Structures are given as structure tokens and as C-alpha cells.
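*Asks:* Sequence:
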Amino acid sequence: MQTLNTTLLIIGGGPGGYVTAIRAGQLGISTILVEGESLGGTCLNIGCIPSKALIHVAEQFHQTQHHSQHSALGISVSAPTLDIGKSVEWKDGIVDRLTTGVAALLKKNKVQVIQGWAKVIDGKTVEVGDTRIQCEHLVLATGSKSVNLPMLPIGGPIISSTEALAPTSVPKRLVVVGGGYIGLELGIAYRKLGADVSVVEAQERILPAYDAELTQPVHDELKKLGVTLYLKNSVQGFDSSSNTLQVLQPGGDTLNLETDQVLVAVGRKPNTQGWNLEALNLDMNGSAIKIDHRCQTSMRNVYAIGDLSGEPMLAHRAMAQGEMVAELISGKSREFNPTAIAAVCFTDPELVVVGKTPDDVKAAGLDCIVSSFPFAANGRAMTLESKSGFVRVVARRDNHVIVGWQAVGVGVSELSTAFGQSLEMGARLEDIAGTIHAHPTLGEAVQEAALRALGHALHL
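Heads up: the sequence shown begins at -16 in the numbering used here, then just goes up one per residue.
These are calculated hints, taken from the structure and not from any lab test.
Errors might be hidden in some of the hints.
Unchecked claim - Straight line, CA to CA, 30 Å or less: simulated DSSO-like cross-link-like pairs of lysine-lysine: (1) 107 x 74; (2) 215 x 35; (3) 107 x 273; (4) 370 x 35; (5) 206 x 74; (6) 90 x 315; (7) 215 x 91; (8) 128 x 107; (9) 93 x 155; (10) 273 x 252; (11) 128 x 252; (12) 273 x 315; (13) 207 x 370; (14) 102 x 90; (15) 93 x 69; (16) 128 x 345; (17) 74 x 128; (18) 273 x 102; (19) 206 x 155; (20) 273 x 207; (21) 215 x 252; (22) 315 x 107; (23) 215 x 102.
Please read all numbers here as calculations on a predicted model, not as lab measurements.
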């Protein structure tokens, strides 16, 4: 068995792990990165990037179908056809370019990448096959994996998001189990690709992590698209002989849903199994590794970042944590203390939450102004054929410091940067209201929401 020595060893090459490695390389830290599958992790390979690619394909196909039937824009085309194989090939091309780019950046910054599955021996020793690696600092960045349901084992017609992002054909009927962001993003995409889609959700409404006002436009669009919702319904099992999903209804009756595929999308959990984490005997926070404000675990010089350290399980959180950890190891003084981390749902319409919501401030006993501006009064939204949704601001009543932003509507994912910056910089309502916003843009609704909170919206 050969032995390698390094200052920093990272287990996991996803957004958190590879960013840690790149920044460490920039800082001159001897770094080894171990990855068992493809660089980029879930996000680049079977998550964020491929799902957005499939969503784009679905939207383009849906719009073309719309133009073949009736279009107020005066566009007329023949009924479109879909070659899903080419669509997947295009998606895979994007993934390949991004993962190749990550590999090039790691090489550029002199990071040694070892392909294989890590086995932790102790806080300074990891084995990968017949190679033993000794390190001074260990970063755990193994990410998360889909939560499986015992009564719906993945295989055959029962699929996870991984299989849903690499279809060989579009099923005639698809039942999505789970009305959270993953289930709805993919459910909407499959509906636009031509599948008859039903969503089974145990809670009383879709996207239960967000408030009802914010999710209502998404609910309305699902109805418009013809997606059938079974709310307050729980899954009992699947009969493969008849291809039916058994669902327990609120009244106690059992409903049999005939379907060609079942997509299980009920959440994700930290990936703590299969690499001998138990050897470290770290303090845990539920199913996640417990960390402090510097991402340090209960063992000295051992760090955990990203999904492995719990909620929010977001790639951009993992990246920020990884950058910080690399700088800490280099001797810089840093801590992970963001004012807010944006959460984005790429549903139709899109949904963004940054900072505190009206429900949050109410629960905390804060006296706040809550104000929203509808996209129905925004010229740019009208030109995009999308007037549903709004921008909402939450600010303290005493000093007008903004504590939260929410938005639902076309393209609002791109507003998340402005929302996050305003919170990190401690902006007040007057700062946003007094900033000249370009016209015509969706961003004008941000300014108008602040103006309305101050009592003088201009276009409402």
C-alpha cells in the first residue's frame, strides 16, 4: 500500500468539495481531493444543472406547442415533435462541459484528484483502494442522497430524480410522490413534455415549507397545466402487476392511481453511510454532522461542509462554506455567518425566499412592515406574457431595515442576488426605494415594493 502525505484532504468533489480544493490551491495549500464518481457531485451531474436543462427543454417545447395552437403574439408554427434522446444529449453536453471545467480548474491550482471511494481510518488517515493518505486537515463534503420510501423501492417503473433526469422516453402517465421543490420542478417539466402528471403530497398544500400566499401562483399554474393534485394523501404501496399506486385519502378510503412511472421525490438526507464515518465518532445534529460557525466538527482539524452538515441543503451554501474553510486552514480569520441564504424553486412560476418571511417575523414577535408589488403592474412582466406573482419585502417598522424578501413570478430567480446583497449590506427601505432601477425590468417591482412599504408606490 502506497502512502501519500498532504496538508488538506477533501472527501467529495461536489460544489462544496471542489470549491474548497480550488481555493486551497490558490492559497498554496497542498491538497488532495477524493471523489468516487464524477467531479461536480449531485449538483452538476444529477441535480441542479441537468434539472434546469430539462426544465428549459420542457418550456421551449411547451411554448412551441402553444404557438401551434393559438398565440396572441401572432406566431404560427406546425405542431412540434420531441426527440427526447437529443434533448438528453444536449443536457449531457452541458454537464460534460461543466465537469471538464471543474477538472481543469483543479489541475490549474495544483490539486491532486484521486478517483475512488474513501474509507476513513481516523481524523488524519483515509484509505482509497490500495492508497493510504495522511493529512493535517480533513474536510468532509460527501453531500446528500435522495430519501427512499420502504414501500416504494427504486427500480422498474419507480424512479428517483436521477432516472427522471435521463429519460429514454416520456411516460404517458407519471405520478410524483412529494409536492416539494424537486417533485414540482420535475413534475411541471414532464407535464410540459407531454405526460399526464399527478402529484401526491401528504401535507395540505404544495411547497409546504413556504407560505400559502407565495405558493398560490404555482398552485394556479399547476391547475392551468392540468396537473392533478392529491393533497393530504399518503402513499401505501405500488402494485406492479396492475401498475397502480395505492394512496390513502383523507377520509380513509384507498385510491388506486394507474400510472406508467412513479417519481419518488420526498427530500434528501446527509450522505453519512458507506465511507466509515463512524470511525470518527463525531457529534451529530440529527442525521447531519454537527458543526460550529467555522464548519469545525467535534474533532480538531476535521471539518464538515454542505449537505452533510444539514439544512439548508443548497449548493451555494456549500461553496461559501468551502471557500471559508480553505481560508481558515491557510491562517485567515473567517467565520460562516451569512445574514441570509437565498432559496430558489425553479417551478412555473419561479419562487425565491431570502431572509425572514411574514410568518417568521410574527413568530419572533418582531414589528415589521410587509409590502408586496404585483407583476400585473410591471411592464416587463407583461411583455414576457407573465403577469402572475409579486415581489414582497419585510422590513422592521422602527428603522426600516429590510429583513426579508420573497418573490414569485417569471424569472425571479435572477432577483435573488439583489435580495441577498440588500440584506448583507443592511439596506433600509429608503435605500432600495431611492435606487434608480432600469426600465423596463422585473427589478422595478423590487423598488416598487419598497416604495409601497413607505406608502407611496408609483405604479399602483
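*Asks:* If a hint holds in the structure, say so; if it doesn't, say that too.
*Replies:* Hints versus structure:
1. 107 x 74: Since the Cα atoms of residue 107 and residue 74 sit roughly 39 Å apart, the hinted pair is violated (cutoff 30 Å).
2. 215 x 35: Answer holds: residue 215 to residue 35 is near 28 Å, not above 30 Å.
3. 107 x 273: holds (19 Å)
4. 370 x 35: holds (22 Å)
5. 206 x 74: Holds - the C-alpha atoms of residue 74 and residue 206 are around 28 Å apart, at most 30 Å.
6. 90 x 315: Judged against 30 Å, a Cα distance of about 24 Å means the pair holds.
7. 215 x 91: Not satisfied, since the Cα-Cα distance of roughly 52 Å exceeds 30 Å.
8. 128 x 107: holds (26 Å)
9. 93 x 155: Given pair residue 93, residue 155 is violated - Cα atoms ~49 Å apart, limit 30 Å.
10. 273 x 252: holds (14 Å)
11. 128 x 252: Given that 30 Å is the threshold and the Cα spacing comes to 6 Å, the pair holds.
12. 273 x 315: With Cα atoms ~22 Å apart, residue 273 and residue 315 stay inside 30 Å; holds.
13. 207 x 370: holds (14 Å)
14. 102 x 90: Holds: residue 102 and residue 90 sit about 24 Å apart, inside 30 Å.
15. 93 x 69: Roughly 36 Å between the alpha carbons, so the hint for residue 93 and residue 69 is violated.
16. 128 x 345: violated (34 Å)
17. 74 x 128: holds (21 Å)
18. 273 x 102: Holds, because 20 Å separates the two Cα atoms, which is no more than 30 Å.
19. 206 x 155: holds (18 Å)
20. 273 x 207: violated (43 Å)
21. 215 x 252: holds (23 Å)
22. 315 x 107: Measuring from Cα to Cα gives roughly 22 Å; hence the hint holds.
23. 215 x 102: Since the Cα atoms of residue 215 and residue 102 sit roughly 42 Å apart, the hinted pair is violated (cutoff 30 Å).
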